[in-house]
Amino acid sequence: MASFQADLPSPIKWGFFVCMALAVLFFGIAFLEKERIESDWENIKEESTEEIEFAVTRAFRQKVDELLELAEKIARHSDVPDGLRGQAERTAVNAFEQLRRHLPDEEFTLDVVDPRGSIVAWAGRSITSTYENFVPRSPRDSFVVILQSGLHTFLSAGVASAGKDFYVVASRPLELQYPLSNRFVNRVSFAEELSAELNMEIWIALNRTSHVHIREETRYVLLRGFDGRTIGYVFYLPETLNSLAQKSDLRWAVWTNGALSVGLVFLGIVLWTLGRKTGSLWWRLILASALIWGVRVGWRLLAFPSTVVGGELFDATLYASPFYFGLTSSMGEVFLSTLALAFHITAIWYFLVKEKWEVARSEESAGKKPLLVIGVFGILLFFLWSVRGFAEAFRTFVFDSTLQYHDPSVIVPDLPVVAMHVCMFLLTISLLVELQVVLRLVKNVLVKTFSGNLPWWMSAAVVFVIVLAIFVWIDAPLHFPLYFPVLTFAIGIAIYEWAETVLHRSFGRGQWLWRVVPVFIIGSFVLSSPMLDSKLHDKERQQAELYAENLLRPVDSWLSYVLVEGLRTVWNQFPVVSLEPMADKKTSLAFSLWAQTLMSREGYNSALVLYDELGQELSRFAVGMTTFEQREILIRLFDGEEEVVHVSDRLVVGGTAQSYGIWSTMRNQSGRIIGSAALMLSANQRAIFHGQSSDILRAEGGLTFESSIRDIAVSEFQHGRLLYTTLDGWYRGMMVPDWIDGGIAEPARRFFWRNERIGPKEYEHVYAFVDGPQRRAVVVSLQSLDLRWHIFNLVKVFLVHAVILGVYGVLWFGMRMRVHQRPTIGFREKLVSAFGVLGLIPLLMLGYYNKQVAEERADESVRKTLSSDLDLVEQRILNLVMDEEDFYRGVNNDFCEAIAPELGVDFAVFRWSSLQSSSKPELYQSAILDSRLPGSVFANVVLQQKNFYLETESVGQVQYAVGYKPLYMHERLLGVLSIPALYRQKEIDEELAQRNAFVFGSYAFAFGLILLTSIVLANRLSRPLRELTSAAGEVGKGNLDVELKPLSSDEIGELTKTFNTMVQELKRSREELKRAERETAWKEMAKQVAHEIRNPLTPMRLSVQHLRQAFKDRVRSREAILQEVTKTIIEQIDTLTRIAAEFSNFARMPERKFERLELQSLLQESLALFRDMRGIEFRTKFSDTPVHLVADGDELRRVFINILRNSVQAMKKGGKISVETHLNGRQCVVTISDTGAGIPPEIQQKVFEPNFSTKTGGMGLGLAISQKAIQDLGGTISFTSEVGKGTTFEIVLPYE
Amino acid sequence: MKILLIAGITFLHVELLSQANSFLDRKKPVPIVQEQGVKKIFESVEKGVSSGSVPSFSGYLGPQVHVNIAGQNDGYFSANQTRAVLQNYFLALKPVSFIFSRFQEKGENPYATGRLVYVLKGNRESVQVYVSLALHDSKWVISQFNVY
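Residue numbers (our numbering), protein chains in the order written: chain Z, 1 to 1296; chain L, 1 to 148.
Hints in this document: simulated from the structure, not taken from any laboratory.
We put the CB at the ideal spot given by N, CA and C, even for glycine.
Do not rely on the hints blindly, as some may be mistaken.
Computed from the model, here is a short list of chain L residues facing chain Z with C-beta under 7 Å [unchecked claim]:
#1 S53
#2 Q64
#3 S78
#4 N80
#5 Q81
#6 A84
#7 V85
Please model the complete structure; the sequences and the hints are all you need to start from.
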């Protein structure tokens, strides 16, 4: 436990406990909250009702106040009323322009009305033709009203001017009334805003309530005008006890799960810290795997972070794929899973590299050679399975998603696409790292079991090719292009070799990983781009097949169903809708019902006609069907039975068109007939599910195939001949290719693909056949993408990788700052940045300039086109119209619809400020386009009589240009002609997108080239400086054999030569110094030897002299004296012998016996000699990782024993000795500490000097010998000591 | 042993992201859809929708299914996405009952439609469900799933 506490960093411990505590807390709060709701339900209900009422009233008030403020600003604090009071046209024009400038955005409408309610000036779309019923009669100076107009319900607020001669009415849409919702229709909903704010279902009834479905438990809040009049109702279903309790549970469950999820991560770290010390490398790998995936699965089961983050990242409609535990059920889940995968595989690789795991040496595994070979084959086969899995994963990223990876209209991909690219990046990284593991294993086996001259990677490649052949045989047809695994393998080997180079440079722990990451990122880009392209191409082919299949399908069932459902909708909605107030009921009623039918959503050319109980036409709305067509179908319809679908074929330009119709009477609840309805639908062969009506009237969603960047053409063969085609280069009537007959004979195959070059373009055709008397074959042709599109797509993928590389760069920079305490940017990097910036700035300027020029040209082109189109239409009309009366009566919708196809342009005619007729009446009838002439156009064309005026208008989110021209006859203004570019907006958008794509691709390519050149130049320029730096480092380490070759004759070359000279001088000085030192050392040694030898010689001489004297004097005790003298002489001889041995040990040339040994074992053995010492406590703390090094075991042991003995001797009264080891990069640090007397500072300098000793009888060579031994091993020995506290020796040794 | 362990870990990773047609999937028995008539498919759909269980009929989803859930999603989705979209939809509302009331089993585009009754936030609501089939690779698959 103590060890656990000591090992775990505090933040981890605290993190774990805090998270668990929070989880318990949130759970408790949820429980208490639920109890509180149940016990205090009545009060809560009441409070909730009050809050809702307050919120609704406040929200409505805010909208009203905003409009009032705007209206007041114009009415009382601007020149608009003055301008309108003026008589001159110029002042009126100014008033219009000012009014236009006051418009906050295109959503708003500003009308200036006189006291009778007539509109005298306006800006924005029309709401109503008169405010007669709303202008207050009383002296009140403001009013609020809700009006229905077209698709929306509007909130209007009016304020009187100072003189009360005008009212300024500001309006904005409050609610979209119809389910028609696409980018051309402003989707605004007050009910949805309130629903989001109050988190409950809200619906609004404005002006009438009779058709609102009210349940018993429904509550409402009144919306009132200034006079207290009710102008609307906001309905809501109050919370029930259950629903509120559920909401509370859900809310707190999110927090609880969040805390548990974060706690899970800390728990994983805790378990890892506990478990990693026990067991082998393999146990640690299993533990790491279990923990990583345990946390991942735990997060999924706790629905974290999907319930917290939500949004597009976790939307199944963007991406969803099945896997266990839902680990890939959305983009967000895939991101987390691929992150876990990448982390897991990298951890495996990191451990294997760090532990230097390898297969046993060849002499030990000789008998297992065949097994190892099979193992290699097996590993490579498994790797190919990984590649297969990788390709399948990419397949799901494409096929199971609705993302447009290569949307031509955007340069920078949006967030969901970027998220998927990141997932692909992580997956590719995982594959590459896995390959590193595989190559490590393969290399180990190949190197250890086979000898030869071939590089290992060549042998590996040969084996890989054989295994690939086996795999192709097993798994055909392949799920990936054949070149892909070969490319992957090649990149893997390149990365492997690079990583080995980096490793051998002995960077610190973990640093080598940082340095190889950029190579992985680049490798990922190289691998993932072609795989993505390949899968996108496959998907396009699948979509083409689906499209062809749809075209072949007989239409009866589906279109019949569409009609029948449409009729059902009309039955249900007619009684409701017919009671709503509508400005123009004649078209609005039919449109209101049509917009709710299935045929409108599917975008078919269709029509709905309503009749009253007397059979009189009540209302009509039609899209894409002329009056003539409608009449033909209606005649046939009413001849037949009601509620029966009638079908007829018509031959039209471009193919055949089938017309469907159904009619029925409508009855009220008592069975009385209240009217009848007829629905018609026309669909030609080409567009079966999504008809020919323009995008404007089609709801969002639906088949997006047509929005592919490829051009698509459709053709149909019948009876062996081409019936129709939209493909340039094919012609009607051409014979079917011969091989098709053979294809039709193969009933199992439905689709055939063929490539064909037609002129400069390459096409991929898919032929689809159907059995039948007509022998129909449909061909969908996809134009192949040219190089520019491929570059554009490649650049977009590269952008994502560049961002990842940038993020990595920032992290790496931050790490370096943390380590070095100051930013370090190399000279080469500075050069690259400088060149890059110098290249990028002009590119950006050029790009901006080009964009401006392109947009101006596009605008000018649109202006010219519109102007010439207007002239053309004007000419045509004036040629056909005789006089003014003929113009007003004859230029109607049919007239416009008839001449528009001939001229190839759609147009509208305005009489004064109102729409007279149009070639696309449904767009005005449906109020998508405004039937009122814009105020600024009225001012410029009608009042100022400009011959051409261009206005930028917007409908929904789309902006488009409209050209206006006055129509004169006999110098009398008949009306205003308008041609919007909206109908060609799609082509304009596509053209712009294409231009952007190509320009962006070109610039990105140019920038890439600049960057590459910068790197090459920077490398070349900085190389001499880097070599100088490296050489200076070598000199600093003591290596004076460095010599650089000057590569140039400039200043750098001179610097190199000077450096060489300096090094030579240093070398010479060092040699001289060494010689002097050696001489001094010898002198010292000789002095010491002489001194040491003299010591024992003196007593020897004295003894011999004493003996001689004793024998000379014939002393009685001369025998005893002889014994004593001989004893003395022998002792002194022993001393001399010892002295000689010590000096010999010190001076000897090492004849060491090197062996590979384990440092910690050696330390344990040394400690074992002293364990029995009484009074001394030994503590050891060794690093987790065993430390191996090559050294003379005996010598190293003597070093440790020497130091330990010194420590023991310094603690005569007992104490503690601690021995620790830890790793610092590629070095092992051994510390031996004692609590002895310590070494006084004045003698610390001399401790390592030979012959210095504080002990009697010591030679003082122990530490000197130890230091020499350590230094010979490339290490260092040092110490710190404090008197009274103890001494710590630190030995640093490099290890393997 | 160690090599096998590494290989095993690697293999597991392969299968983690091997979606359709994985090595394991290949060994699983493939449902013989050809033998299920149109009626059988509609029965599976009916059963699945009434219990809010998409897996009951997800095996019959075509490679591209047109899904239209009123007010929410409208578009073509892959079989996997369709499964997820419908699963999410049924999770949000609690189906009470569902029966196909009309069938068109003949022809090349059979369809069925019925009323789904569910409870949402304590309130009983209903929507119309339309399902149509199409032939794909000689098998009947669900090609359209609309909720109005």
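Task: Unsatisfied constraints (hint numbers, rising) - done: Structure breaks hint 1 only.
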